[in-house]
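Enquirer: Input sequences plus hints: build the corresponding full structure.
Number of protein chains: 2
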Amino acid sequence: MSAAQAQPVILLVRPQLGENVGTAARAMRNFGLTRLRLVAPECGWPNAKAVVAASGAYDVLGATEVFADLRQAVADLEYVFAATARARDLAIPVLAPEAAAEEMHRLGAAGRPIGILFGPERTGLENDELLTAQALITIPTAPDFASLNLAQAVLLLAYCWFRAGIQVPAAIDPAAGEPKATQAELAGLIDQLLADLDAVDFFKSPDRRASLAPVIAVSLTRRGLTRSEVHLWRGIFKELARGRAGPQRH
Amino acid sequence: MSAAQAQPVILLVRPQLGENVGTAARAMRNFGLTRLRLVAPECGWPNAKAVVAASGAYDVLGATEVFADLRQAVADLEYVFAATARARDLAIPVLAPEAAAEEMHRLGAAGRPIGILFGPERTGLENDELLTAQALITIPTAPDFASLNLAQAVLLLAYCWFRAGIQVPAAIDPAAGEPKATQAELAGLIDQLLADLDAVDFFKSPDRRASLAPVIAVSLTRRGLTRSEVHLWRGIFKELARGRAGPQRH
Chain A
2 MSAAQAQPVI
12 LLVRPQLGEN
22 VGTAARAMRN
32 FGLTRLRLVA
42 PECGWPNAKA
52 VVAASGAYDV
62 LGATEVFADL
72 RQAVADLEYV
82 FAATARARDL
92 AIPVLAPEAA
102 AEEMHRLGAA
112 GRPIGILFGP
122 ERTGLENDEL
132 LTAQALITIP
142 TAPDFASLNL
152 AQAVLLLAYC
162 WFRAGIQVPA
172 AIDPAAGEPK
182 ATQAELAGLI
192 DQLLADLDAV
202 DFFKSPDRRA
212 SLAPVIAVSL
222 TRRGLTRSEV
232 HLWRGIFKEL
242 ARGRAGPQRH
Chain B
2 MSAAQAQPVI
12 LLVRPQLGEN
22 VGTAARAMRN
32 FGLTRLRLVA
42 PECGWPNAKA
52 VVAASGAYDV
62 LGATEVFADL
72 RQAVADLEYV
82 FAATARARDL
92 AIPVLAPEAA
102 AEEMHRLGAA
112 GRPIGILFGP
122 ERTGLENDEL
132 LTAQALITIP
142 TAPDFASLNL
152 AQAVLLLAYC
162 WFRAGIQVPA
172 AIDPAAGEPK
182 ATQAELAGLI
192 DQLLADLDAV
202 DFFKSPDRRA
212 SLAPVIAVSL
222 TRRGLTRSEV
232 HLWRGIFKEL
242 ARGRAGPQRH
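Those protein sequences? They're chains A and B, same order as listed.
When the first sequence is numbered by this note's numbering, its final residue is 251 and no position is left out of the sequence of numbers.
When the second sequence is numbered by this note's numbering, its final residue is 251 and no position is left out of the sequence of numbers.
Check the hints yourself; a few may be wrong.
Copies of the same chain are indistinguishable here, so a pair counts whether it falls within one copy or spans any two.
[What the hints assert, rightly or not] Distance condition first, Cα-Cα at most 30 angstroms in a straight line; then the derived BS3-like pairs of lysine-lysine:
| id | residue 1 | residue 2 |
| --- | --- | --- |
| 1 | Lys205 | Lys239 |
| 2 | Lys181 | Lys205 |
| 3 | Lys181 | Lys239 |
| 4 | Lys50 | Lys239 |
| 5 | Lys181 | Lys50 |
| 6 | Lys205 | Lys50 |
No lab work stands behind these hints: they were computed from the structure.
Predicted model only: the values in this text are computed from it and were never measured.
Expert: Spelled out as structure tokens, the structure:
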């Protein structure tokens with residue numbers, strides 16, 4: 002079984018607008034999904050507006066399969082999910098997108114061909130079409146405004162599928178690879194700054210110096226600095242303090 | 002602070018197509034986001050195509066604020082995320098959408114106004130616009146087809162924000178009690194430092210200034226500063242730069 006066969010087939014049932022088919026193809030392609038099937042497309046097929054909206058996802062459109070009815074379109078699939086805006090009382094399990102995505106990866110890894118049904122723009126899937134599925138997927142939305150269009154629903158489920166299949170680091174710290182300043186280097190930086198501030202009588206009184214010096218030190222170094230940042234700040238303080246002092250530089 | 006104030010402001014920088022603004026508003030509204038700002042919209046505003054594409058998200062469009070430049074648009078925000086397709090070498094942390102969404106809920110629960118920047122359709126955000134942000138967000142995609150449009154990117158981040166809020170982690174911010182500096186205050190601090198450094202010819206050449214200025218800004222502000230820290234640093238730079246300048250102090 003190839004990697005492509007382990008991914009869910011996206012099935013658009015009676016899609017009405019070519020733009021939405023194209024935008025769905027683009028959404029799929031961003032997240033590594035390439036298998037698209039259209040069931041009795043009302044928009045006709047092939048469709049020029051779909052090509053424009055696909056923004057380069059031509060491999061998806063070129064391989065799109067068209068079926069006259071839903072039963073034929075799912076005949077080779079073993080497990081079918083159906084996206085529906087309303088959780089209906091159909092005695093079929095209803096999954097959140099993330100849980101459905103994990104299930105898809107389990108099934109795909111086990112070699113079981115899977116698909117996701119999406120209904121027409123205006124009405125969504127009919128009850129008898131939903132009953133073709135082994136599980137429903139409902140995308141949670143604000144209760145007072147559930148108005149995702151077809152391509153948006155495809156995008157979100159494709160994203161969740163992609164996300165469930167990869168381990169992306171939660172955060173990349175760009176300074177991670179850079180050598181960190183030692184405590185001695187940080188102390189040297191603070192000492193220099195305090196000396197420069199003393200030279201311009203910044204603190205005015207020993208009490209004020211005693212209370213402000215630690216605040217300054219913490220503000221500049223509490224998250225750590227790289228060694229190159231310490232050099233940079235030393236240069237800044239030095240030049241600020243000496244730059245206007247006299248003729249030696251200007 | 003109201004619930005609306007705890008949600009991220011969505012900022013579209015120089016959007017080119019009204020449809021995309023409308024589709025973004027629809028995407029936002031599905032996931033409970035209602036605060037939209039446009040920065041120098043190239044599509045013009047108000048925009049009839051945006052109204053059509055919003056599919057009923059008229060409360061979002063009706064409350065949309067328009068700003069002439071980015072600095073004004075983020076002036077009242079304390080923490081800004083920027084969506085970018087390419088993780089660039091900018092010394093700003095890069096977060097996955099889900100991690101960013103959790104951070105947004107923590108910041109929002111702590112009463113800190115936040116925003117998410119999105120760039121123009123064709124080019125995305127410029128480097129100097131990205132440097133306005135405290136963190137970047139990169140939506141993971143298939144490596145050979147990273148082609149999300151503006152409204153799709155808004156949709157995915159709005160969804161992740163909504164999803165992360167269904168289970169809000171207990172918000173613990175050790176500096177929660179102290180008022181944070183706004184973006185305008187941080188920008189003012191950096192502007193002052195750069196002017197002081199220019200006055201002493203710290204950078205020597207425009208190229209060196211262009212490469213060092215963002216490093217300095219990030220180094221000083223990447224973790225945010227409290228308002229009192231901004232005052233402290235402004236005082237430090239001022240006194241260092243002027244302290245030895247002439248007879249007024251010595």
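Enquirer: Flag every earlier hint the structure violates by its number, smallest first.
Expert: 4, 5 and 6
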